[in-house]
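If you read the sequences in order, they're chains A and B.
First residue of the first sequence? That's 3 in my numbering, and the numbers climb one at a time after it.
First residue of the second sequence? That's 3 in my numbering, and the numbers climb one at a time after it.
Derived from the structure by calculation, the hints contain no laboratory data.
Ideal Cβ placement from N, Cα and C applies to all residues, glycine included.
Among the hints, erroneous ones may be present.
[Unchecked claim] Far from chain B, some chain A residues (derived; all Cβ distances over 10 Å):
id, residue
1, Glu61
2, Trp137
3, Ile152
4, Gln213
[Unchecked claim] Simulated coverage check for chain B against chain A, where a stretch passes if three residues somewhere in it have a Cβ under 8 Å from a Cβ of chain A:
id, segment
5, 89-97
6, 102-108
7, 118-132
8, 214-222
9, 237-247
Protein chains: 2
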Amino acid sequence: MESSRREMLGLLGVAIGTAAVAPLLGQQALAVPVRAKAGDAPWPYVPLDPKAVAERAYEAYLDGHCMYGTFAGIVGELAALKGAPYNTFPLAMMKYGAGGGAEWGTLCGTLNGSAAAIALLSKNPTPLIDELFGWYQTAKLPDYRPGDAIYEIAPSVARSPLCHVSVSRWCKATGLHSLSKERYERCGWLAACCAKKAVELLNSQAAGKFQASYPLPARVQECRGCHDRGGVVENTRGKMECGVCHFSLGTGHTKI
Amino acid sequence: MESSRREMLGLLGVAIGTAAVAPLLGQQALAVPVRAKAGDAPWPYVPLDPKAVAERAYEAYLDGHCMYGTFAGIVGELAALKGAPYNTFPLAMMKYGAGGGAEWGTLCGTLNGSAAAIALLSKNPTPLIDELFGWYQTAKLPDYRPGDAIYEIAPSVARSPLCHVSVSRWCKATGLHSLSKERYERCGWLAACCAKKAVELLNSQAAGKFQASYPLPARVQECRGCHDRGGVVENTRGKMECGVCHFSLGTGHTKI
């Protein structure tokens, strides 16, 4: 009987819905009627509150940096609300993406973590990741202030999904140092706003309303006309802004 | 009694070691005496056969591209040999890293997947990831030919952990196209050799024998003297080779 009562309560929790149950449950797991085995992907997605995820991502950032922050913000929120299988994910592994991958400055950890979460939770992740990356490199970010923010942070435009470029352009925009406490705080805000954006995208896709807003820029399409599939110099791949690194094309580039 | 016999056999399997047990087991799970809960990280690591992992990574690449290939090569091998918790990991999520993250050309997927696996399985992952990235950007790769290889592939030196740079430099070295069947095959070989290297590093760390061979290059240290922590222009972070993108420093750079 005790077992049946527990099952009943678990199913009732799901029926009541996430928002009503969450404050009562905290980290406690609820029975979730998921069909996926833990080893499968994607896992089922239920719409989340973007602001709650942003706040959780900022707090997680303080524990494990940028990639962990965004991933734990999203998947940790599902674990807190729904239990298994979300609470079986070894979240701490995502700390490797800090500083663009073990401090190498490659893919921004807030994007790596958000993309990983999207891939775990969406049946069609690529359009959402494209949108997230396109937004990241063109928007003035961070665009969300966590409730427990320590410093005030001015935004910048990264023009790239790379940590190295993103940080340097923020330093240029603010005059602040790359290893300063303010830059550290800035990346915590970035974790919050990227996790929030990722959840907004997941929510819109789950509602059947997702529409892409960040097509490949015309200037990148122009470069790809020669350098991508079928071009006269088919010698590259990628969707990043070309001019951010290829900033002196006058030298050594065939006239076009 | 049956339960005790199973436990005995499970422990015996671990005692005999991976290589002896693997051919008998295939995909079947063994009881593994792990203390970690599925939600914790790292998960316990047991030394793996680098060549078996390389072959599995190549096969997995054909199913899900570069990041998935390396991650499934390593964690899939553990799942095949040991069962839980390795077989609970939602491997398919790692497909997002293909082509440097949804084809954006950022962090090479073979590195993103290998680093993720190292972070899942090592108590001290950063030195191994540093070594892996340092090796990747300076070695002639691929340096391993999968048994089921479809084409013969010439190697190149990437000089960068970025997919975009790695692919373009391989195209330059070979005269082949970036979207060709040979380049696709080349990245499968890369998945094999990066997963193999990652497992060699994990094995050496597990044996207490790991030693770093790829320190930060002197020319990067020189740049960081001014641009990193405490420098006169502390405006960046990262460990990538500076000159690969900053190839015309004569223009617009203060004389040093």
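Provide an ascending list of the numbers of those earlier hints which the structure does not satisfy. 8
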